[in-house]
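First residue of the sequence shown? That's 1 in UniProt numbering, and the numbers climb one at a time after it.
With a straight-line cut-off of 25 Å between C-alpha atoms, the simulated SDA-like cross-links for lysine to any residue are:
1) Lys569 to Thr543
2) Lys517 to Gln491
3) Lys517 to Pro531
4) Lys324 to Arg289
5) Lys191 to Pro215
6) Lys206 to Val218
7) Lys206 to Asp473
8) Lys569 to Leu396
9) Lys569 to Asp520
10) Lys280 to Glu443
11) Lys478 to Ser229
12) Lys478 to Phe490
13) Lys324 to Arg300
In short, the hints are calculated from the structure, not lab data.
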Amino acid sequence: MLQRRRVSKIPEPDLLKVVEAGLTVGSLVGSCWILDWALGTRRRAAVEADAKVMREKRLRRATRRPEESLEDLLIKSRDQAEALDYAAGGDSDEVQVAFETFHRAVADPVEARCGKHLKRRQLQRQIQADPVSRFFRGEAEGLEITSLLCAGPPTGPALPVVVLTDPISTGALLVDIVLSSGFGVLVLWSKERAESLPISHKGVYKAVKEQVSIPETVKAIKGALSPGSAIIACIPGSESGVNLADLISIWLGLLANGSGNRPFPAGDRRNKHLQSSVLKGIAGCRAIREVCGCAWEEVRDSCRELGLPMVVKPVQSAGTDGVKLCYSMKAVEEHFRHLQATQRRFASSDHAILLQEFMVGQEYVVDQVSRDGVHKTIMTWVYEKQPANGSDFVYLAMRPVESKDCPSDLIPYTRSVLDALDIQNGATHTEVMMTADGPCLIEVNVRVMGGNGSFISLARLLTGTSHADAVLDCIDQKRFDALPDVPRAFQASGLVVFLISYSSGIVASTPGYEVMKKMDSFLELHTSISPGSAVEVTVDTFTFAGILVLAGSEDQIWADIVEVRRLEKEGLFCFTETNRFQCGGA
1 MLQRRRVSKI PEPDLLKVVE AGLTVGSLVG SCWILDWALG TRRRAAVEAD AKVMREKRLR
61 RATRRPEESL EDLLIKSRDQ AEALDYAAGG DSDEVQVAFE TFHRAVADPV EARCGKHLKR
121 RQLQRQIQAD PVSRFFRGEA EGLEITSLLC AGPPTGPALP VVVLTDPIST GALLVDIVLS
181 SGFGVLVLWS KERAESLPIS HKGVYKAVKE QVSIPETVKA IKGALSPGSA IIACIPGSES
241 GVNLADLISI WLGLLANGSG NRPFPAGDRR NKHLQSSVLK GIAGCRAIRE VCGCAWEEVR
301 DSCRELGLPM VVKPVQSAGT DGVKLCYSMK AVEEHFRHLQ ATQRRFASSD HAILLQEFMV
361 GQEYVVDQVS RDGVHKTIMT WVYEKQPANG SDFVYLAMRP VESKDCPSDL IPYTRSVLDA
421 LDIQNGATHT EVMMTADGPC LIEVNVRVMG GNGSFISLAR LLTGTSHADA VLDCIDQKRF
481 DALPDVPRAF QASGLVVFLI SYSSGIVAST PGYEVMKKMD SFLELHTSIS PGSAVEVTVD
541 TFTFAGILVL AGSEDQIWAD IVEVRRLEKE GLFCFTETNR FQCGGA
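Assemble the whole structure, with the sequences as input and the hints as a guide.
The structure is reproduced here in structure tokens:
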């Protein structure tokens, strides 16, 4: 809320004289009119003064000064578009200077230090306090819905509007990013999500449910728009919204994933088996050996050729959901039948099960954005996994890797995969295994990277942008052209740490969190766990005990991560009731 200032075009003594003059005229109506006019004039003057101050603040936030830290630059990178507000009531030359200064600062920052010099606490409070983001990250325990009512501007008249399908996890943060970029937001909940999530938030966005058909859904979308508003993009906010966003984009004539605004020629773009099938006939695009089927009898004989151990997983999923490494044919059959009988976290119309060869190598993630078939790499990561709590694949950390340190064929291979799959526009999150024979595709996710957006602040700190920011750059040709082909040289080191719980129970207190927040490399902690929460042992991406983000020197990060792993094994929480699982058990 803006602070009210004593600023008026009419000085205080003169204002009183005007009111007194109105009273002596003898007309009560006239006096009231004069009083209303005087107070209205003063109120408008105060609002204008507030607006001017805010425009100046936004301009300063978009312009990095020599005495400002890299942390200040990080905060500005979220809000650089706000400087456009200044153009409506300020000097356009100053705005141009502001943006030029900002981009120079990103390209060559003079203060590239992290550690204690960063205002990490301030950043953490800013990111985690946003009520909309907290609600959709599942951190709204004890948060009143009414606190969301004034969390952001509504879809206003004549605003360009971005439709977000199923904005959960990182997609929840996309709401804020879209709004801060000067666009309106319209949320479209798919049939799978509409029953379990809120529909609209007054003052934040409007939302509609998926209807019985795409034409009916488009009709509902258009009916929810403010007069004069126009849809400029439809972006998936999570895995379950990928296909719906693609179909809506095609129907509305927007930039869809594929070229020529047509659906994926092989079928469902989320289907991992179809992705591999398309690659098998293309030179230079190695695909994983696999067998797919809906019944065990269909795959029992052919899957033996894959050898053991064998990976068994749903044909559509996210993270390590339902993924198991099986060392015997009996285990393969048992997990196959288990997946048949259970419902996956990301609802899918395709209930086929995938059996894949087990590849040995280093797993990379390549986050890219595309426009009209031109692909740009936003960030590359390395996943670290190990068995824990009876699960074969539990993520431990995600480490950002500079392009110069990646295998030389990683990015070219990934882009050739996107071309083969006819992915022409939007964000992609591609997992690739670097084997002794070269890169091999694991899967392509046609959306922004998940993980509750825990990577965003670190990516901005290292390169000046993030995968979530860059997906909006695809909407505008000039903004897309301004993106570098590969990420800029990192200005610090960082690590995204997935916290593992080896115990389950009802949380009484969180002493482990308090220790982490005092670490020198601490940047953020993403968690929904607080006293009273029920905690499970960590077996997949849905049972993490939180996500910790570290930034600083490599030595400091290494020292802090050793302490984090010690805290995990000793216990991050105090429980009212505890069920202990063997640490690191396979």
